[in-house]
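If you read the protein sequences in the order shown, they are chains U and G. In terms of this note's numbering, the first sequence opens at residue 1 and continues consecutively. In terms of this note's numbering, the second sequence opens at residue 1001 and continues consecutively.
Keep in mind that the hints were calculated from the coordinates and are not lab data. Do not take every clue at face value.
[What the hints assert, rightly or not] Taking lysine-lysine pairs in the DSS-like style, the calculated list, with each CA pair at most 27 Å apart, reads: (1) G/K1332 / G/K1034; (2) G/K1034 / U/K330; (3) U/K332 / G/K1236; (4) U/K255 / U/K236; (5) U/K255 / U/K132; (6) U/K236 / U/K212; (7) U/K34 / G/K1150; (8) U/K236 / G/K1034; (9) G/K1255 / G/K1034; (10) U/K330 / G/K1236; (11) U/K236 / G/K1236; (12) U/K34 / G/K1330; (13) U/K332 / G/K1034.
Number of protein chains: 2
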Amino acid sequence: MSKKTAILLTPGPTPLPPEVLRAMGRPILHHRTKDFGELFEFVLREMRYVYRTANPVLLMTCSGTGAMESAVANLLSPGDRALVHSTGVFGDRFAAILRAYGIEPVVVSEEWGHAADPGRLEAALEAEPGVKAVFFQHTDTSTGVVNDVKALAEAVRRRGQAVTVVDSVSGLAAEPLETDAWGLDVVLTGSQKGLMCAPGLAFAAVSPRAWKLVDAARLPRFYFDWRTMRAALPRKETPYTPAITAVMGQAEALKLIRREGIEAVWKRTAGLADYARGRARALGLELFARDPANILTALRLPAGVDGDALIASILSEEGISIAGGQGRLKGKIVRVAHMGYIGRADLDAGFAALGRRLSAAQA
Amino acid sequence: MSKKTAILLTPGPTPLPPEVLRAMGRPILHHRTKDFGELFEFVLREMRYVYRTANPVLLMTCSGTGAMESAVANLLSPGDRALVHSTGVFGDRFAAILRAYGIEPVVVSEEWGHAADPGRLEAALEAEPGVKAVFFQHTDTSTGVVNDVKALAEAVRRRGQAVTVVDSVSGLAAEPLETDAWGLDVVLTGSQKGLMCAPGLAFAAVSPRAWKLVDAARLPRFYFDWRTMRAALPRKETPYTPAITAVMGQAEALKLIRREGIEAVWKRTAGLADYARGRARALGLELFARDPANILTALRLPAGVDGDALIASILSEEGISIAGGQGRLKGKIVRVAHMGYIGRADLDAGFAALGRRLSAAQA
Chain U
1 MSKKTAILLT PGPTPLPPEV LRAMGRPILH HRTKDFGELF EFVLREMRYV YRTANPVLLM
61 TCSGTGAMES AVANLLSPGD RALVHSTGVF GDRFAAILRA YGIEPVVVSE EWGHAADPGR
121 LEAALEAEPG VKAVFFQHTD TSTGVVNDVK ALAEAVRRRG QAVTVVDSVS GLAAEPLETD
181 AWGLDVVLTG SQKGLMCAPG LAFAAVSPRA WKLVDAARLP RFYFDWRTMR AALPRKETPY
241 TPAITAVMGQ AEALKLIRRE GIEAVWKRTA GLADYARGRA RALGLELFAR DPANILTALR
301 LPAGVDGDAL IASILSEEGI SIAGGQGRLK GKIVRVAHMG YIGRADLDAG FAALGRRLSA
361 AQA
Chain G
1001 MSKKTAILLT PGPTPLPPEV LRAMGRPILH HRTKDFGELF EFVLREMRYV YRTANPVLLM
1061 TCSGTGAMES AVANLLSPGD RALVHSTGVF GDRFAAILRA YGIEPVVVSE EWGHAADPGR
1121 LEAALEAEPG VKAVFFQHTD TSTGVVNDVK ALAEAVRRRG QAVTVVDSVS GLAAEPLETD
1181 AWGLDVVLTG SQKGLMCAPG LAFAAVSPRA WKLVDAARLP RFYFDWRTMR AALPRKETPY
1241 TPAITAVMGQ AEALKLIRRE GIEAVWKRTA GLADYARGRA RALGLELFAR DPANILTALR
1301 LPAGVDGDAL IASILSEEGI SIAGGQGRLK GKIVRVAHMG YIGRADLDAG FAALGRRLSA
1361 AQA
């Protein structure tokens, strides 16, 4: 191991609160017991609070990508039409998953850094009336944008019967989201971002309209079969052995969110985003996103600065993990997260380090 | 939470060594860093030691069932023939996964409690010469049997070109297994049994012959796509965010296994199995398995004893988690594990409690 990592400013995993770390260091429970059943039920109930939904919430042991795949496999059948409104790496990933399952989606792509335009979505659905499911991101961590999920869901409803599938892996418990009030059919998330737990768990909130598709869908699914998960809910169980340690940690993180209140979490995250943008401006750095999210700030690097070398030096010299660019943005941007258990002091340290290493890189 | 669980004698999760718990309670690393890359590489190298293989080992974030599904999705194409030699719940699960992917397998079923008969496997392959992959268990935790994996693999080789897929989710790091010396093409395992870590990680060791199928296979796969995992290995990464905390714990557990030596682990487990069988005999209980495994002892309950109520009382009154029967054995057997971080003192406590609760149930 090289020098200790003091501070994580990465968009997943985010740092873990001490309460969560302590819970994960406790002796493990067996998952077919009353104690675990109570813990599992608590986690699902609190997840409904965070999701702002009365719909059933499913718990899966996988990354956010696994949750995205589960939505594709559970909602669609061979020959179905699907639409992806892509704003970056994660929208493109939805399209890649659909293609892996033999479904060539209609893809509406925005310029990276721009939010999804509800008018373009509506036009695309008008041109393609048979679409069964529309996939988009709440926030796309690759570009640091936030989408107007409410307006996108309204656009879908105006143009047919498609269900909306929202990837809120990085947005939930950080940016405002109203699953029921906005009529969102499927909302996916992961444990390691706003939810302040270790990676390994993913969740899906599934509406009654979506369940109809789940029951009719014919794409192959087994581990990710939502029907099996739903059938195990009355027993307070998952069908297969879950990441029990992560469930123990997630329960503690959800207690922290409940204590603060979900709206206060959103407000705090927005305040940190404002603060980060100010610190970035003071360094002369430009925001990458035209429609910036509150979960992280993506910053364009000055010409001639190698982003990958920069973040490597921030980690090795300063002990701070900052993310670089993904896909076509590799080496061109840095991404500073401010969701979950990240505070102003972490941002102070991160921007001070970023300033020093930028000066060194440009010297 | 009800009364504290003092002792786990369940076949996954098994109890966690303090070193593993401490590692999982440490601040989380980011997975796109040099430190994590070194940890990841260490885990894969030590897994090759445990597997007794020089083949690449893949790490997945899922349960053992996810690993089983990954083998199906990566090896086969629509229309392929597959054979399952089933010795219990987990063999039947392989068949169910294959059916979910549209492949109706040839199923050779043994009476529950009996090991897979290599002669029957050979005869089935002779009758069905086009089989591409043969699936069976190393140990089936549902019945407490161990298969003669070496003889089964030889039977497969005598009758064609099929690859062997061995589910060693509960067998690895507990019962002898020689991936390379026995010519096993795919060996699957999970982190939460002999590997003494929390559930959430699964592994696959994949032979060059199996990789040829992986590159040609046409069943849909994305999250479980072994090609993407292989492509990320040179970067010392997983394609998607792994269960980082579990990887940190797994590294510590693998250090313990290396210190003891894998052959010593097998020998210790065999000794504990002998001891458990003796304790069971002293209670007048009959082994369920005709071909008993070393990982756990499955015991038939006397007529009139409700197994589910018995294990519930052992947990609530004695603080000890023992497993009941699965599938058609529900309520009829109990299963006492002695793999991983379970010692003689744990078995003493478990059998004492089992004896008391059995007497109470029969009083």
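Here is what the structure says about each hint:
1. Annotation: proposed proximity of G/K1332 to G/K1034 is violated, straight-line Cα distance about 51 Å (limit 27 Å).
2. Taking the CA atoms of G/K1034 and U/K330, the gap is about 17 Å. The hint holds against a cut of 27 Å.
3. Note on U/K332 and G/K1236: the hinted pairing holds, with a Cα-Cα distance of about 22 Å set against a maximum of 27 Å.
4. For the proposed pair U/K255 and U/K236, the alpha carbon gap of about 19 Å is at most 27 Å, so the pair holds.
5. Between the alpha carbons of U/K255 and U/K132 the distance comes to roughly 37 Å, so the proposed pair goes past 27 Å and is violated.
6. For a cut-off of 27 Å, the pair hint linking U/K236 to U/K212 stands: about 23 Å separates their Cα positions.
7. Between U/K34 and G/K1150 the CA atoms are separated by roughly 40 Å; this puts the pair beyond 27 Å, and the hint is violated.
8. This hinted pair does not check out: U/K236 and G/K1034 have alpha carbons roughly 39 Å apart, beyond 27 Å.
9. Distance check on the hinted pair: G/K1255 and G/K1034 sit about 20 Å apart at the alpha-carbon level, within 27 Å; holds.
10. This hinted pair checks out: U/K330 and G/K1236 have alpha carbons roughly 18 Å apart, not beyond 27 Å.
11. At most 27 Å may separate the alpha-carbon atoms for a hinted pair to count; U/K236 and G/K1236 exceed this at roughly 37 Å.
12. Only pairs whose Cα atoms come within 27 Å are accepted, and U/K34 paired with G/K1330 is accepted, the gap being roughly 17 Å.
13. Straight-line distance between C-alpha atoms of U/K332 and G/K1034 comes to about 20 Å, which keeps the hinted pair within the 27 Å bound.
The structure does not agree with the numbered hints 1, 5, 7, 8, 11 stated previously, though it agrees with the rest.
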